[in-house]
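What follows is the residue order along each chain.
Protein chains: 2
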Amino acid sequence: MSDGKNTLTTAVYDLLRKAIIEQALKPGMRLPEDTVGEQFGVSRTIVRHALVRLENEGLVVTQRNRGAFVAEPSKEEAQQIFEVRRILENEVIRILCNRIPDTGYDQLRSHVRNEEGVRGKDGPVSIRLAGEFHVLLAELTGNEILARYVSEVVIRCSLIMSLYARSHSSDCAVDEHSQIIDAIQSGDAERAIAIMDHHLGAVQGRAELARQPDSIRSILSHYGKELAQ
Amino acid sequence: MSDGKNTLTTAVYDLLRKAIIEQALKPGMRLPEDTVGEQFGVSRTIVRHALVRLENEGLVVTQRNRGAFVAEPSKEEAQQIFEVRRILENEVIRILCNRIPDTGYDQLRSHVRNEEGVRGKDGPVSIRLAGEFHVLLAELTGNEILARYVSEVVIRCSLIMSLYARSHSSDCAVDEHSQIIDAIQSGDAERAIAIMDHHLGAVQGRAELARQPDSIRSILSHYGKELAQ
DNA sequence: TGCAAGTAAATTGTATCCAATTGACGTAAA
DNA sequence: TTTACGTCAATTGGATACAATTTACTTGCA
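Keeping their order, the protein sequence lines are chains Z and B.
Mapping of the first sequence onto the working numbering: residues 444 to 672, in sequence order.
Mapping of the second sequence onto the working numbering: residues 444 to 672, in sequence order.
The set of hints was computed from the structure by calculation and includes no laboratory data.
Check before you lean on any hint, since a few could be wrong.
The list cannot tell twin chains apart, which means a pair is met if one copy fits it or any two copies do.
Claimed, not checked - Taking lysine to any residue pairs in the SDA-like style, the calculated list, with each CA pair at most 25 Å apart, reads:
1) K518 - P544
2) K518 - V578
3) K518 - S594
4) K461 - E558
5) K461 - E500
6) K461 - R509
7) K518 - R542
All chains should be built: construct the whole structure from the sequences, respecting the hints.
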């Protein structure tokens, strides 16, 4: 994601992004430019650029003259993001069944071992690793554009789970990750897709069923849309 | 695409984007911040923000301390973008066969009439309209995230055609657009997808077969990747 | 007490300024 | 002639200053 060029801007961008993934920054939280800037020891200019990038990814929303906030995806948005995620990830599986780099399975198995290593600890790390498994799958297709889009929807799903799901402990069942690898390796594309589809359905279902009550802010902002300028 | 909030930044962003779509700004062209700023009567700050957004979409690339350039997708990138475009647009068709708003067909037919109105003139307008047909299809799914991704790959395809295709006159055959609408309206999803797939294949093929010789810059930039910092 | 208006504080929008880096040109030495 | 070096112009990287806008508080009036 980060191209490692604009060091300062990219550094702030990466930090904010990671903080959002790990749900340290929660949906609806304000992100005042100078507060963030002081925190990282940079000027507002840098923070602004980072926020622009995050807004493009749908991770933050900005209101004119009001500032930036961590995004609070509505239920409709959540539905749409999940739909796109399933489209993309099913296709990732289909591609991987046709072509996968030599080291692919090693990388995947190794990643799952890492996930198992932190099993039980419902900390931010396990949340991040679960998402990164799906990004790794997409990267193995060799299609960088596809991988970028998967990365975007995965992280937005993380935001959705943070808003709507009761427990984030196991957004992804590690077992199912293993099953997906097995299915790809067996070359049975249809079965692999079925498992992935079921896996994502489970994640989505957890968000739908166990959704928390809306926060005050998101409730009011919903009504506010009808008044606003 | 543009949210109409940050008026100045968004205005510059929209103008640059449109200029790239219509191939007035050609791949490899420089986009110096103050030149662009003077042109539009705004300061570099505004232009910078617009360029950041365009870079996120893959329409421009920036080199540290060197500036921004209109992107020159490599052949590999072009291949990847087309692959993602087919994935997304096939799925758009599949969705539209299941659900399409009441006014959908009217909007589509109306758009095709516009395209026919400028037929023959190989100007920038026909190029833009051809792309917007595909974006309109995506928007009719009601899935904004999906529509945004389609919009991104469509415009990047416009960049690719500008680089590699001999004639941009008819990136899309208007007849085929009508056929696609017919197929969706008939409810035959498989046929509709087949037509869309063929349609995109034709566009892609035109880029592959009639590709122009690489520019010096894009050739050297390819080798340069092995040296760079 | 409750509401309204006005004022002050906080925050973003934009422009400008200085520093750092890059590329080009020209000059000199081998 | 070619290469190496040094200087200069052009451009971006980043910080700061000022203007505009919004929000919150306070004051005054009914």
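Evaluation of the provided hints:
no.	hint	result
1	K518 - P544	between (37 Å within a copy, 20 Å between copies)
2	K518 - V578	both (24 Å within a copy, 24 Å between copies)
3	K518 - S594	both (20 Å within a copy, 23 Å between copies)
4	K461 - E558	within (17 Å within a copy, 45 Å between copies)
5	K461 - E500	both (13 Å within a copy, 21 Å between copies)
6	K461 - R509	within (24 Å within a copy, 29 Å between copies)
7	K518 - R542	between (36 Å within a copy, 19 Å between copies)
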